[in-house]
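Participant: Chain by chain, the residues run as shown.
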Amino acid sequence: MAVMAEPVVAPARRSSLWSRAFESRHFLGAMFMVPAIAILILFLAYPLALGFWLGMTDTKIGGAGRYIGFQNFVSLSKDSVFWLSVFNTIFYTVAASAVKFAIGLYLALLLNERLPFKSMVRAIVLLPFVVPTVLSAIAFWWIYDSQFSIISWVLIKAGLITRYIDFLGDPWNARWSVVAANIWRGVPFVAITLLAGLQTISPSLYEAANLDGATNMQRFRHITLPMLSPIIAVVMTFSVLMTFTDFQLIYTITRGGPINSTHLMATLSFQRAITGGNLGEGAAISNAMIPFLVAAILLSFFGLQRSRWQQGGRD
Amino acid sequence: MSTADDQSVGMDYLESFPRKFLRVYLPLGLIIFFLLFPFYWMAIATFKPDAEMYDYEKYNPFWIVHPTLEHIKKLFFDTDYPLWMWNTVIVSVSSTFISLFASVCAAYAIERLRYKGSRYVGLAIFLGYLVPPSILFIPLAAIVFQLGLFDGNLALILTYPTFLIPFCTWLLMGYFRTIPYELEECALIDGATRLQILMKITLPLSLPGVISAGIFAFTLSWNEFIYALTFISSSENKTIPVGAITELVNGDVYHWGALMAAALTGSVPVVILYSFFVEYYVSAMTGAVKE
Chain F
1 MAVMAEPVVA PARRSSLWSR AFESRHFLGA MFMVPAIAIL ILFLAYPLAL GFWLGMTDTK
61 IGGAGRYIGF QNFVSLSKDS VFWLSVFNTI FYTVAASAVK FAIGLYLALL LNERLPFKSM
121 VRAIVLLPFV VPTVLSAIAF WWIYDSQFSI ISWVLIKAGL ITRYIDFLGD PWNARWSVVA
181 ANIWRGVPFV AITLLAGLQT ISPSLYEAAN LDGATNMQRF RHITLPMLSP IIAVVMTFSV
241 LMTFTDFQLI YTITRGGPIN STHLMATLSF QRAITGGNLG EGAAISNAMI PFLVAAILLS
301 FFGLQRSRWQ QGGRD
Chain Y
1 MSTADDQSVG MDYLESFPRK FLRVYLPLGL IIFFLLFPFY WMAIATFKPD AEMYDYEKYN
61 PFWIVHPTLE HIKKLFFDTD YPLWMWNTVI VSVSSTFISL FASVCAAYAI ERLRYKGSRY
121 VGLAIFLGYL VPPSILFIPL AAIVFQLGLF DGNLALILTY PTFLIPFCTW LLMGYFRTIP
181 YELEECALID GATRLQILMK ITLPLSLPGV ISAGIFAFTL SWNEFIYALT FISSSENKTI
241 PVGAITELVN GDVYHWGALM AAALTGSVPV VILYSFFVEY YVSAMTGAVK E
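Protein sequence lines, in the order shown, are assigned to chains F and Y.
Each residue of the first sequence is one higher than the one before, counting from 1 in full-length UniProt numbering.
Each residue of the second sequence is one higher than the one before, counting from 1 in full-length UniProt numbering.
Check each hint, because a few of them may be wrong.
Capping the alpha-carbon separation at 35 Å, the derived lysine-lysine pairs in DSBU-like fashion look like this [as the list claims (entries may be wrong)]: (1) Y:Lys200 <-> Y:Lys116; (2) F:Lys78 <-> F:Lys60; (3) F:Lys157 <-> Y:Lys74; (4) F:Lys118 <-> Y:Lys20; (5) Y:Lys58 <-> Y:Lys73; (6) Y:Lys73 <-> F:Lys157; (7) Y:Lys58 <-> F:Lys157; (8) Y:Lys20 <-> F:Lys157; (9) Y:Lys74 <-> Y:Lys58.
Here are some chain F residues the structure puts well away from chain Y; computed CB gaps all over 10 Å [unchecked claim]: (10) Gly69; (11) Phe87; (12) Val94; (13) Ala95; (14) Ile161; (15) Trp172.
Hints in this document: simulated from the structure, not taken from any laboratory.
Every residue, glycine too, gets a C-beta built ideally from N, C-alpha and C.
Given the sequences, and given the hints that come with them, work out the whole structure.
Facilitator: The following block contains the structure:
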């Protein structure tokens, strides 16, 4: 606390209204909030509301729209591409999140072992999360290239396949390919945060379990998992939100193709709104994501409450 | 998963090396291999001449026989890449500073001044973090256009703080909470103003938190894609991620070498910054979740 050594000079008491206002916590608190609140209202809250409104209009780029109520949603409900994008988004989110959780937890447990160069290993593991997504997606794009894919080359040399795999040309291949890229990017985040959770678990719990003769599986099932569950809920909520609203990976690797089979709701709304110029319709697609997001947040929120209550915690 | 559940703490040294190798080092090594491979592939393609890049029969694809700087030269001299890099730096640095300033003030007010309703404002700001850019970009595009900011750095500098401020504020609130109240109370009794307390006590003590918030903000804005893709149209105003995938592809012709060079050189600045501050980065990331 070396900072404390420097005496803080007492100001001369002035009794003007202005300086008295600055002594007030409430006034000062409000003043301190101005920069953050101004930016967040102008560029976050207002656009969010404007987005709801745009979804109910037929606005085109460069022209004012008029209110058309739920017509956008009605036409979307008959739009097979929209429903395909809903399916793709759910598939992408569920498949990627499940694998990210499994590998992330496994990796966290491995990293929690006694390892040489522990902090260096942690730093390396986190790299895919740090590097700009689009730039690493470009690497995946090249890895999945139809003629020069290194995966195909290795598999052919190993004698496992006879022809180059068309990773991005076939609907299901393309779906799994983007899921794999998303897993690659998301695993480090899950692993490192779960590792932080593992390190908060007191070793004495494991020692007690050892004395009671618990097996490894029992210790994992009855100590690690329950102690970790609040962090699992937080991490997976974030992971699901990020995956569900992902745009960058898809836009870079497939642009929604082949024949819309990898279009997510986010990429479809970009295509309709910006490329196609139908801002209103694009906004309606964006808005259709909101119920899913709210559901994901509520689910983990109530899940957390429940687990806290079970552990006898406050709140 | 069956090997993962071994949690033996303290008795580790009893385990034989071959067993630990199979249980820990081998799977860990495999996972790290897969996590690092795309970077290797990116780097190798950057320095590989076209002749080797498109000929897997004559050359082993995992190796470079005649390394070349041709792709990097092309990227830096035949494209707008230097401008993209410049834009990315300007946008990331400016939006990071704006966000840090706003977040320090907000987090201090919420956590330390505890003004009326501060808890709710804090919660509202945190909820702002959960609003994804892929919902906001369409209305934001309309606003950016109306404000006359379209196709300029300012559009990005002003919109990036919307996802940076909630995150930084949240992170800094956690940091401020770790500083004992007594320090501030003493200073208050000595007659310091709130502003002096913030500048001379709280901020210096929470410098690690401010640094990690800054690094996070910088990497997040360096990463940002959808706003930059939507609000910027001319090549000279683009950022690296957008420029790379919109300008280095001519119709069906992919300049793979240049693309990979762009991916590699665009990643290097964040990786350098990250490796200098990795401990801050990791502790901030994990600390934010532990809260």
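Participant: None of the hints should be skipped; say for each whether it holds.
Facilitator: Each hint, compared with the structure:
1. Pair hint Lys200 of chain Y plus Lys116 of chain Y holds up; C-alpha atoms about 25 Å apart against a cutoff of 35 Å.
2. The suggested pairing of Lys78 of chain F with Lys60 of chain F holds, with an alpha-carbon distance near 21 Å, which does not exceed 35 Å.
3. A hinted pair counts as satisfied when its Cα atoms are at most 35 Å apart, and Lys157 of chain F with Lys74 of chain Y qualifies at roughly 33 Å.
4. Note on Lys118 of chain F and Lys20 of chain Y: the hinted pairing holds, with a Cα-Cα distance of about 15 Å set against a maximum of 35 Å.
5. Proposed proximity of Lys58 of chain Y and Lys73 of chain Y is supported: the alpha carbons are some 25 Å apart, at most 35 Å.
6. A threshold of 35 Å between alpha carbons decides the hint, and for Lys73 of chain Y with Lys157 of chain F the separation of about 34 Å falls inside it, so the pair holds.
7. Under the criterion of a C-alpha separation no larger than 35 Å, the hint pairing Lys58 of chain Y with Lys157 of chain F is consistent with the structure, at around 14 Å.
8. A distance of roughly 32 Å separates the Cα atoms of Lys20 of chain Y and Lys157 of chain F; the hinted pair therefore holds under the 35 Å criterion.
9. Between Lys74 of chain Y and Lys58 of chain Y, the direct Cα distance comes to roughly 25 Å. Compliance with the 35 Å bound is thereby established for this hinted pair.
10. Under the 10 Å C-beta cut-off, the non-interface status given to Gly69 of chain F relative to chain Y holds; the minimum distance is some 18 Å.
11. Under the 10 Å C-beta cut-off, the non-interface status given to Phe87 of chain F relative to chain Y holds; the minimum distance is some 18 Å.
12. Its beta-carbon lying about 18 Å from the closest one in chain Y, Val94 of chain F satisfies the requirement of being farther than 10 Å from that chain.
13. For Ala95 of chain F, the condition that its CB be more than 10 Å from all CB atoms of chain Y holds, with the nearest at approximately 17 Å.
14. No Cβ of chain Y comes within 10 Å of the Cβ of Ile161 of chain F; the nearest lies about 15 Å off, and the non-interface call holds.
15. Taking the minimum C-beta to C-beta distance to chain Y, about 21 Å, the non-interface status of Trp172 of chain F holds against the 10 Å cut.
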